[in-house]
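K.L.:
So the chains spell out like this:
Protein chains: 2
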Amino acid sequence: MESTELDRRFGFRPGQVEELTGVRTRYYGDEFETAPYMGARAVSDALGRAGLSIKQIDALIAVSGTPAQLIPCTASLVLQEMGELDAGIAAFDVNATCLSFIAGLDAMAHLISAGRYHRVVLVASEAAAVILNPQHFESASLIGDGAAAIIIERAADQEPSRVTGSRLETYPRGIPSCELKGLGTTLHPNSSRKSSGDDNYFRMDGQNLFRLTYALMPAFIDRFLSESRQCPEDFDFLIPHQASGPAVRILLRRLVPAGHDEQIFLYLKDFGNVGAASIPLGIHFAIDRGKIKRGDRVLLVGTGAGLSLGAASFVY
Amino acid sequence: MESTELDRRFGFRPGQVEELTGVRTRYYGDEFETAPYMGARAVSDALGRAGLSIKQIDALIAVSGTPAQLIPCTASLVLQEMGELDAGIAAFDVNATCLSFIAGLDAMAHLISAGRYHRVVLVASEAAAVILNPQHFESASLIGDGAAAIIIERAADQEPSRVTGSRLETYPRGIPSCELKGLGTTLHPNSSRKSSGDDNYFRMDGQNLFRLTYALMPAFIDRFLSESRQCPEDFDFLIPHQASGPAVRILLRRLVPAGHDEQIFLYLKDFGNVGAASIPLGIHFAIDRGKIKRGDRVLLVGTGAGLSLGAASFVY
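Quick mapping for you: the protein sequence lines, in order, are chains D and P. Note that my numbering numbers the first sequence so that position 15 is 1070, with each residue one more than the last. Note that my numbering numbers the second sequence so that position 187 is 1242, with each residue one more than the last.
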């Protein structure tokens, strides 16, 4: 979905949507590009690049704010899409909406470190287009579909690669500013409280979210740095959740001083905000485009529905 | 919901539903007893029993096969229900449907062991009544609503309490026998593939699930025991997922020889199968009724949609 098309939909002058959002285009998948379908493609691509087969994976963890169906979990549906009907590996989902990748990475890094698993795939997949109210400028202009998969395994003893910190904080005060009330059991379509069409659209109040996040982010970052015994200068590269272009720079000023904006990786121009896939897709592009190399120290940071703030750091 | 009422609904003779299912009664919550509402009650009760406040908890992990709404995660909604709008703790969901508690326990035990968290709450909550097709005997007679919360913290060095093993295996071949296709983005009510009423009901084919599980369970249990270096005689007490009474005994024969059925804790007579809450509710009853005491070795085992097989063991 091109921003020029959204300019027409919302009666803006050509170029205005891109100026306001920083997004030139975002992908809206068709009805057959489900979250498990895109996730399966991403896992297969990651396995292919790593020269691995699914047989060499101990666990597949899926993260998605837009799962395909209620039961079973997305991880199992991804294996089904891959044709791995007798996979026999562990498969489950982790959900902290847009920060799910950080929650999953944190848990998996510890499970691998303890020897519980040798090698896992974390796959993020968002089929978000269908939950966007086409008349709601803020979400329809910002959010897109996408998937990414990351393979994590124990580094050899002489390699520096490791997760160096992780923190999540949730403030439910922000729930009314960012939620989707339907597609669950409370407003179940067969119940007396059944949902109206609008309940099945994602609702966000970006201004209120920014206000809440702006107040919380500096102290959150301080706690993350202090807990993980790091300082802003320790990081070579920062991959934020692509929540929005200008706002992200303001929120992360504490970490990246003015004049060093090239250390903040923003790719939302071509994809928008792809939810839980945003951070792993950023990692994928950063590796693929040579922006990070082995030994670099990378910081992931962002916000998600909840309202949650999250950060994780690793040596690539 | 009493089985005698279901006898009438399905045209059975009085007592027949209980004979067939082993369930005398199961709870169907009303429309305001949402998964987050029940989960919040369970967390508050657990905190009260432990003499703790939410401020002394580092993370709240929610597990549910029947979440209230798509966004945000259930953990955040539980904190909202508790009035903890500025909680600031980590809050996310883990989903492996009925085995979610095992997946969550495994991850949390490792995170606590590594010092990442000191104390976490795992809360399971199921508002399942609304997804039951009232005309489908198998699910309507077996499944009920419920919630349970378990607080996990690092044991003192001289205490024996610890998680001694955990394993999950997923076989997507079983998906068509146990799924709910709606309440997600694929059959979104506003899309061209929108769901019909039946898509929003849980569908299960118990006979096929039993057939698949019966073939997989013995080798799964062998792998679990071998990996965790345990043998069936090591366990004092076995808490199965309450998937169904007679089938559970047959499936677990490998672990508990004939004549020792009292070691298998079945409480489904009074609650039916409460999904992800089934295992933690079993732990709660086992502790509350004095069936396990400190130092006992407990085995958790079950199956879930996916099709997943799971087991975990701990010293209480």
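Derived from the structure by calculation, the hints contain no laboratory data. Certain hints may be false.
If chains are identical, the list can't say which one is meant, so a pair holds when it fits in one copy or spans any two.
[As the list claims (entries may be wrong)] Simulated pairs of lysine to aspartate or glutamate, DMTMM-like, Cα-Cα distance not exceeding 25 Å:
| no. | residue 1 | residue 2 |
| --- | --- | --- |
| 1 | Lys1110 | Asp1291 |
| 2 | Lys1249 | Glu1086 |
| 3 | Lys1110 | Glu1317 |
| 4 | Lys1324 | Asp1291 |
| 5 | Lys1249 | Glu1074 |
| 6 | Lys1346 | Asp1253 |
| 7 | Lys1346 | Asp1260 |
| 8 | Lys1110 | Glu1282 |
| 9 | Lys1249 | Asp1325 |
| 10 | Lys1110 | Asp1277 |
| 11 | Lys1249 | Glu1282 |
| 12 | Lys1324 | Glu1208 |
| 13 | Lys1324 | Glu1088 |
| 14 | Lys1346 | Asp1289 |
| 15 | Lys1110 | Asp1253 |
| 16 | Lys1249 | Glu1288 |
| 17 | Lys1346 | Glu1088 |
| 18 | Lys1249 | Asp1062 |
| 19 | Lys1348 | Glu1193 |
| 20 | Lys1110 | Asp1062 |
| 21 | Lys1346 | Glu1288 |
| 22 | Lys1346 | Asp1113 |
| 23 | Lys1348 | Glu1057 |
K.L.:
Classify it for me, Lys1249 with Asp1062: is the Cα-Cα distance of at most 25 Å met within a copy, between copies, both or neither?
P.N.:
neither (34 Å within a copy, 28 Å between copies)
K.L.:
Is the C-alpha distance from Lys1110 to Asp1291 at most 25 Å within one copy, between copies, in both cases, or in neither?
P.N.:
neither (35 Å within a copy, 35 Å between copies)
K.L.:
Within a copy, between copies, both or neither: where do Lys1249 and Glu1282 come within 25 Å Cα-Cα?
P.N.:
neither (45 Å within a copy, 47 Å between copies)
K.L.:
My question is about Lys1346 and Asp1253: at a cut-off of 25 Å on alpha-carbon distance, are they close within one copy, between copies, both, or neither?
P.N.:
Neither way: Lys1346 and Asp1253 sit 41 Å apart in one copy and 49 Å across, limit 25 Å.
K.L.:
Cα distance capped at 25 Å. Does Lys1346 pair with Glu1088 within a copy, between copies, both, or neither?
P.N.:
This pair counts as neither: shortest intra-copy Cα distance 29 Å, inter-copy 50 Å.
K.L.:
Please sort Lys1249 with Asp1325 into within, between, both or neither, judging by C-alpha distance up to 25 Å.
P.N.:
neither (37 Å within a copy, 29 Å between copies)
K.L.:
For Lys1346 vs Asp1260, is the C-alpha pair at or below 25 Å within one copy, between two copies, both, or neither?
P.N.:
neither (33 Å within a copy, 51 Å between copies)
K.L.:
When no copy is named, should Lys1324 and Glu1208 be tagged within, between, both, or neither for a Cα gap of at most 25 Å?
P.N.:
neither (31 Å within a copy, 44 Å between copies)
K.L.:
Under a CA distance limit of 25 Å, which applies to Lys1249 and Glu1288: within one copy, between copies, both, or neither?
P.N.:
For Lys1249 and Glu1288, the Cα distance exceeds 25 Å both inside one copy (52 Å) and across copies (50 Å).
K.L.:
With 25 Å as the alpha-carbon cut-off, assign the pair Lys1249 and Glu1086 to within, between, both or neither.
P.N.:
both (24 Å within a copy, 10 Å between copies)
K.L.:
Should Lys1348 paired with Glu1057 be assigned to within, between, both, or neither, using CA atoms and 25 Å as the limit?
P.N.:
For Lys1348 and Glu1057, the Cα distance exceeds 25 Å both inside one copy (32 Å) and across copies (63 Å).
K.L.:
Up to 25 Å between alpha-carbons, please classify Lys1110 paired with Asp1277: within, between, both or neither.
P.N.:
between (41 Å within a copy, 19 Å between copies)
Violation of the numbered hints given earlier is confined to hints 1, 3, 5, 6, 7, 9, 11, 12, 15, 16, 17, 18, 19, 20, 22, 23; the remaining hints are satisfied by the structure.
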